[in-house]
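Undergrad: Starting from the structure of chain A, add chain B where the hints point.
So you can see what is in the structure, the chains are spelled out below.
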Amino acid sequence: MHRLKVTSLVFVVLLTATSLFGCQPAAPSATTEEKSITIIIPEDPPSFNPVITDTGYDSLVMELVMLGLSDIDPEGKVFPELAAEIPTVENGGVVADEDAGTMSVTWKMRQDVQWADGKPVTANDVIFTYESIVNPETGGWIAGIDYIDSVEKIDDYTFTINYNAIYPGYLTQFGGEQVVIWPAHYCDAAQGFSAWECARKPLSNGPFVLSEWVTGDHMTFVRNENYFEKGKPQIDTVTVRIIPDKSVRKTMLVNGDADLDMWTTEQMMHDLKDEPNVEVSLSPYNRWVMRIFFNLAEKGTTDPVATPHPILSDLRVRQAIRAAIDVDTITKEFFLDYAKPAWTEFFRPPYECDNIERPKYDPAAAAALLDEAGWKDTDGDGIRECHGCKTAEEGYVMEMEFITYAEYGEQLELTQQLIAEGLGKIGIKLNLTVVEGSVLWGASTDGGIEQSGNFDMDIWDDGYAGVDPTDFLWSYYSTDSTVPDVGYNYGRWSNEEFDALLGEVYTLDENVRKQKFCEMAKVMEAELPDLLLFTATNGDAHSVRLQGIQSTTNDLVTWNAADWTLK
Amino acid sequence: MATYIARRLLQTVGLLFILSVLLFALVNLAPGGPLAGQGQSRHIDPAKIELLKRQFGLDKPLPMQYLIWLVGNDWMKVDKDGDGTLDSYGTRLGILRGDFGFSFRSRQPVLTEIGDRLPNTIYLTTVTLLVAALIAIPIGIISAIRQYSTFDITVTTFSFAGQAIPEFWLGLIMILIFYAWLKNPFTGEPLLPAGGMTSVGSAGFDLGDRIVHLILPVATGALGWVAWYSRFLRSSMLEVVHQDYIRTARAKGLNNWKVLYKHALRNALIPLITLLALDLPYIFGGAIFVEFLFAWPGMGRLYYQAALNRDYPILMAVLIIGAGFIILSNLLADIVYAWLDPRIRLE
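As you go down the protein sequences, you meet chains A and B in turn. For the first sequence, position 441 matches number 494 in my numbering, and the numbering has no gaps at all. For the second sequence, position 292 matches number 482 in my numbering, and the numbering has no gaps at all.
Pulled out of the complex, with its shape left as it was, chain A reads as follows (with noise of 0.2 Å):
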């Protein structure tokens, strides 16, 4: 009898001890004049600093808080932030010797921005934020960070960045969804650029202040008072709640406890359709391409000269496979016409080349290609076998793997398996494989996939950030890039026309840049090293009562905050 009280004492006191450790910090209580709206993102952001992550949350965030030299608009257009305005050519703010191959660029600063302490946004803060994204140590890693030779003060709100390269990219080098200045009478600099605790504790010169975090469940923003725009911004309180579930995303948003949902899917765009309190906002142009990347080395390896891939190193072979997916049946099924056909890497401003014609689907000439290069089915298993390809040995059978990544979900894998089927049809077998993403990216010490050239072929979306696609061309389909864990030239395509082409596109001149990158879609259609299907509409969903959501893939939702109104 005793001891059993004293269990149930030591199970009271438990309870209580417990629900003690569970109380939160008290957070400001909401007045009814408040404008007050709630974000919903499934997961929490690592901190302020995309940079280091680039998982989104954070870009989403800082978007909220921090401000860069400049940003990109939805249409692809560069718009100052902190600078007054953007340096080119034509105002003589950019200094290039192209023969030398080198060009400085000078940034003249607005005078009237504050951090939330009242101390001006000055030159030192760039250069203090510059300093800690080189130091080898503790820094980071920004795209052609490795150009700037130095960054040079003229006065408290002009310096000078010189590089040791023609850089075109240089528009937006410190600013666009992931680059921020950051203060340098806040953050720690011994602490170092990529763990610094003003990244989780951030400084405000945006349109607002972080209130209040609690990991894993909510932070608050409340206006920055101190804000440049005169006026702005007009909301009062924004709260960004961490909801895992993407149903229970939905049903917040359809009764109205949440305003505003980030990257919806397509799925969840269609079921809010006909929801009266809510809307969505569609990116004008898309940024991520659904696409097939060939290996054309044999599988398990990495050199298509050496070890040529037995199937696909025939480019009649990847012809037949493009003419034999259904394109439009994956759009309008799988992702509810929430996507559009892409077949060039240039189709959106500011380099639309339009000298590329969308392929046919045409499974019949499809089989017709792969005859022709000496693929057949004998034997009336539906599976075609090696007769007189030059690719491989007589008799090879045309079946191979064909990966995809867990994370997208649902729509991938259908589209996976249509495409399976349909190269079915047509006599390639295809054994369907889907793994998480960083077993398919991983380094190929870390047994990487793509890195390693285990695969035949595989199916993903990338899609380069921004306005400047050099270093995204780079990357993929450059000779340098063919290296394992060097560059993700996963198929190991090297072509010396397409290398010298990507050497002139280092120049400022846009005319001449258009006119290259045109050239090298021409290029890329001749040879087909991978195959582009179709781009994901970027849209996010918000409530009725919450104007100015304009949805882009050039930035996070949050880029115009400061513009939102409540009705």
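Since the hints were made in silico from the structure, they are not lab data. A virtual CB, placed ideally from N, CA and C, is assigned to each residue, including glycine. Heads up, some of the hints might be wrong.
Claimed, not checked - Simulated restraints on C-beta separations:
no.	chain 1	residue 1	chain 2	residue 2	range
1	A	Asp-533	B	Asp-399	51 to 61 Å
2	B	His-432	A	Leu-467	51 to 61 Å
3	A	Lys-130	B	Ile-516	51 to 61 Å
4	A	Gly-462	B	Ile-208	34 to 44 Å
5	B	Trp-359	A	Asn-308	14 to 24 Å
6	A	Pro-189	B	Asp-399	47 to 57 Å
TA: This is chain B only, laid out in the frame that chain A set:
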């Protein structure tokens, strides 16, 4: 007893050491790695990979990485800036001195990350287990003493269902019913919140608000436990009531209640309490599905995310602390059993 406990604790240390080697190897050798692109990027630039390898300590051979994880690197010079020369002493202390490293994802100390999540998980799981036990015990008793009654048959049916229904399905249905469909008749608001631990923006500690937020996750999490514990107690109770000493107690004229409570239940509870002790690691590990569905910021979600991102330091810390919990719970179960049942001797 004291020697026994001391010996078992000593064994625990050895066991944990062997486990740590195995886990470290498994976690690191599993395909995929922390240097794969994630989220917005499908890849990381080679220059950044070099930097990250250095910052994460992945540039060293695996046995060396294990050694540093265990005992730190403040006793050896390391190449911090990647210029090929060993320039200064490291800063890691190793887990033996309480340094579990930092998360690859958030760059926060692992213990900070766990410290943020653990109280939330303990809070939810303790309540869940308590509620489960409080419901399961009376059900188990009544089922046993009214064997094959309508109550027993109904409860048996529901127990099978309770164990068979997957948590993620049940949770979604709960949210659909109590959040999406049913409204509070006075305010017009949803009857129960869809998730979270408290209402965002609520000031201070509000018991009512906390209870409201607990109902759905606890109900979802407890159902399986209720089914499991009540079945267990039922069979344990049935075994006891057919013992000779129960018949003796009845024969000497004790009233039925006293027989059941004082003689039968107290003996039938012994195995259940052992079972509860064995289930204690759940309090540390949390329930991934419940945390995921009800947006509960706990250990389960932390672990799941770390597994997806190959956040080795977090994974290792959760696994090794979890392993310690399991070993200690087993020890605790043995001790409690001996304490409750004087016939058991631990040697």
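Undergrad: If a hint holds in the structure, say so; if it doesn't, say that too.
TA: Hint-by-hint comparison with the structure:
The supplied range of 51 to 61 Å is met by Asp-533 (chain A) and Asp-399 (chain B), whose beta-carbon atoms lie about 59 Å from each other. The hinted window of 51 to 61 Å between His-432 (chain B) and Leu-467 (chain A) holds, with their beta carbons roughly 58 Å apart. Range check, Lys-130 (chain A) to Ile-516 (chain B): Cβ separation about 58 Å, and the 51 to 61 Å hint holds. Taken as a hint, the range 34 to 44 Å holds for the pair Gly-462 (chain A) and Ile-208 (chain B), whose Cβ atoms sit roughly 39 Å apart.
Between Trp-359 (chain B) and Asn-308 (chain A) the C-beta distance comes to about 21 Å, which sits within the given range of 14 to 24 Å. Pro-189 (chain A) and Asp-399 (chain B) have their C-beta atoms about 50 Å apart, which keeps the hinted 47 to 57 Å range intact.
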